[in-house]
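Protein chains: 2
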Amino acid sequence: MNHIAEIISVGTELLLGNTTNTDARDISIMLSELGINVYYHTVVGDNPARLKAAVEIAKSRADIIITTGGLGPTCDDLTKQTLAEAFGVKLIFSEEEAEIIRSYFKNRLHYDTMPENNLQQAYLPENCTVFHNDWGTAPGCAFEAGCVTVMMLPGPPRECISMFKKCAVPYLRAMSDYVIRSHNIHIFGMGESAVEDKLRPMMLAMENPTLAPYAKNGEVMLRVTAKTKSDEEADKLMEPAIEQVKSILGDKIYGIDTESLEKTVLDLLIEKDMTIAIAESCTGGMLSKRLTDISGASNAFLGGGVTYSNHAKFELAGVDPEFLAENGPYNEETAKMMAEGIKKRLDADFGIGITGLAGPDPDENGLEPGTVFVAMAAPNGTYCRKLHLGQGRERIRVLASNHALDMVRRYLTGLKI
Amino acid sequence: MNHIAEIISVGTELLLGNTTNTDARDISIMLSELGINVYYHTVVGDNPARLKAAVEIAKSRADIIITTGGLGPTCDDLTKQTLAEAFGVKLIFSEEEAEIIRSYFKNRLHYDTMPENNLQQAYLPENCTVFHNDWGTAPGCAFEAGCVTVMMLPGPPRECISMFKKCAVPYLRAMSDYVIRSHNIHIFGMGESAVEDKLRPMMLAMENPTLAPYAKNGEVMLRVTAKTKSDEEADKLMEPAIEQVKSILGDKIYGIDTESLEKTVLDLLIEKDMTIAIAESCTGGMLSKRLTDISGASNAFLGGGVTYSNHAKFELAGVDPEFLAENGPYNEETAKMMAEGIKKRLDADFGIGITGLAGPDPDENGLEPGTVFVAMAAPNGTYCRKLHLGQGRERIRVLASNHALDMVRRYLTGLKI
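As they're listed, the protein sequences go chains A and B.
Quick note: the first sequence, position 387, residue 373 per the numbering used here, numbers continuous.
Quick note: the second sequence, position 202, residue 188 per the numbering used here, numbers continuous.
If you are wondering where the hints come from, they were derived from the structure by calculation, not from laboratory data.
One or more hints might be untrue.
The list treats identical chains as interchangeable, and a pair is accepted whether it falls inside one copy or across any two copies.
[Claimed, not checked] Within a straight-line C-alpha distance of at most 30 Å, the following computed DSS-like cross-link-like pairs (lysine-lysine) qualify: (1) Lys152 - Lys202; (2) Lys92 - Lys202; (3) Lys215 - Lys330; (4) Lys151 - Lys202; (5) Lys238 - Lys76; (6) Lys184 - Lys92; (7) Lys372 - Lys92; (8) Lys184 - Lys330; (9) Lys330 - Lys202; (10) Lys202 - Lys249; (11) Lys92 - Lys258.
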């Protein structure tokens, strides 16, 4: 009973390139975690004839069809009508959904301003399972038509993905007599091919659970996936594999099922009631931005300096201007002075200093772009890494911030830095 | 002669959700600028049979088929073989391309480490137009098969998009006996629906050129597009429309065909030989990051403070701690003190201060998330905007940075702030 799903994303804005199809990506990740194969994504505009043609093709090659978009109140929104027609089901007005839509407007606007066409969203396929929309107005739904399961989800990513998690995932799991469960092992400090090299014999020998690596943003993630009768059984099956990965990769693993490296470090700092301050030069605010992307960052992140010019390195982080005049800003000493300076200035437990060349051009002394110094002033002393991060301004900046986070993580968990 | 294109993106990583299909999005934008319709995007894995099936479908509904991905050296990379088969053309070894691939490795690694399978990339369809890859190893190509134009491009976004711009766009333009030319008008300070309201009569009356609005990152962009016999004629046709838009939207327009608001401001500063320093609280480094995303930012951006805690507001930007203790950090005075403090500290021509609540939670005094104060200390005095930016942590932060940039832009171009 291996299911094959196809995702059909509906919206002319996708074909014009005005929107990125993150819905198909995010649904695919979750389908893969459920063990459901995806063979095709299709994107089609707000055009009923072309959507119908796409549905006919999908019917011939998938047994789960998931649409995103085209459920809204405007005349462009034709997904429900088109799919109902394609599968020969009737649309029925749901008084319950109409009431939910009315109260959505009551809570947000003056009720009398609700355009009447919003009630179009309350028409749903007969006998479908309704997916209530707790994040917007258009409800989604699922129904069975012959051997095909059809799901329709709204297009806005927040509504689509929240609804998929809350409503579609349980629906899909209930269709199956087994469960698919995954754990993600997060790794920093090794490339994807190095991880693969170390784990290849293990990966090849595994059937259930399976193990697969993914690379992103200068990190590697390993996904362990088991297919069994229950979540408990799946976890039991995965435990020895996870232990084996741990024994092979050791402290390069920074977390299991964690959100991000910055969240891991922020949680560690908050847990230990410690604080951090950051002086960044070539990363230009990126590390601070990444930490403050997280709501609640202020519990550990005090602030920092974006010390782009030499003068700013002195004024904000207290770096010795004579040293800078003599040696320039790209060296270990400057990184350390920045880390120590900002730590002292903001009275933090940790200070970070990042200085280097993001490129694309070399500096006047011929220093190669990608040469970056990352220093951490910790309670017991100051550490520094000299890095050669290759090419690509964005990539260099992401990797340099990752290294700073890695140093704090290793310090706080008692590892060698 | 209205062309219809279909983009087929090849790669199992897309179906697993490990990669976002930005290639299809970015190519779509450029196709739309060329006046070429796109009716479908298809994503298919590294599977020759399924790719062939997708190509057969595309043949029946498009006359331009563009593939991305699957041109590399590994055994997964089957796009060329599959399309050659589907269109009945032969693959021929190109000694010229082989030499380019060899020299790529010579310049980057020890030559003897080049895996022999890299030469697979030198096989190309007979009589095709070769698209040289100046950004990687796999060349792309275009060929004509009956009434269909086929283009194959590499998958990595930098290679794909650079090659599309440099090679595919001229190829597609040459296919046509008319040219499609666009200009983008960039607007800040009005929502998409407000822009549409003001321009609706004009937009409805227009046929050639056309005018269409797009919203992104808290900004609106208007695209004017003309279809004529030559670039010069197109520009002549668009000029009155652009002038009319200018007279309607006035100084809400910050640029025509510019890259971004931050680039516009940076260029203005550099042109006037002036400098800027930034103290950001709720934006947490985002504005500094956006400016330093641009290579050459150091010519005008001196640095700044990420003054997340009250102590950091005092230490880095000199905000009066007694005032903060009494009034808290979310008010006009704090924003102004931050702007003035960082300007003085770094001896800059402009100082920016941003303080407010990005949320999602209100503060202890019940201040609504989305309330943000953006101040600019300019050579002739200090200005402040009190903003209500609604919901969404990321959105609030982007909009607050946009407002800061807008204030500097308006000051430097002599407009009311």
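| query | How do Lys92 and Lys258 come out at 30 Å by Cα distance, when the copy is not named: within, between, both, or neither? | reply | Result: close neither inside a copy nor across copies, 44 Å intra and 51 Å inter.
| query | Taking 30 Å as the upper bound on the Cα-Cα distance, should Lys202 and Lys249 be classified as within, between, both, or neither? | reply | Cα proximity of Lys202 and Lys249: in one copy and across copies (16 Å, 27 Å).
| message | For Lys184 and Lys330, with the copy left unspecified, which applies at a CA distance of at most 30 Å: within, between, both, or neither? | response | Result: close neither inside a copy nor across copies, 42 Å intra and 54 Å inter.
| query | Is it within, between, both, or neither for Lys184 and Lys92, if the alpha carbons may be no more than 30 Å apart? | reply | Close across copies (29 Å), not inside one copy (58 Å); limit 30 Å.
| query | How would you label the pair Lys92, Lys202 (within, between, both, or neither) given a Cα cut-off of 30 Å? | reply | Classified as between: cross-chain Cα gap 28 Å, same-chain 43 Å, threshold 30 Å.
| How would you classify Lys372 and Lys92 at a CA-CA limit of 30 Å: within, between, both, or neither? | Close across copies (27 Å), not inside one copy (58 Å); limit 30 Å.
| task | Tell me, please, which holds for Lys215 and Lys330 at an alpha-carbon limit of 30 Å: within, between, both or neither? | result | neither (56 Å within a copy, 66 Å between copies)
| Within, between, both or neither, where Lys330 and Lys202 count as close if Cα-Cα is 30 Å or less | Classified as neither; 34 Å inside a copy, 41 Å across copies.
| query | Within a copy, between copies, both or neither: where do Lys152 and Lys202 come within 30 Å Cα-Cα? | reply | both (26 Å within a copy, 28 Å between copies)
| said: For Lys151 and Lys202, with the copy left unspecified, which applies at a CA distance of at most 30 Å: within, between, both, or neither? | reply: Result: close both inside a copy and across copies, 22 Å intra and 26 Å inter.
| said: At most 30 Å between alpha carbons: which applies to Lys238 and Lys76, within, between, both or neither? | reply: neither (55 Å within a copy, 48 Å between copies)
Of the numbered hints given earlier, the model fails hints 3, 5, 8, 9 and 11; all others are met.
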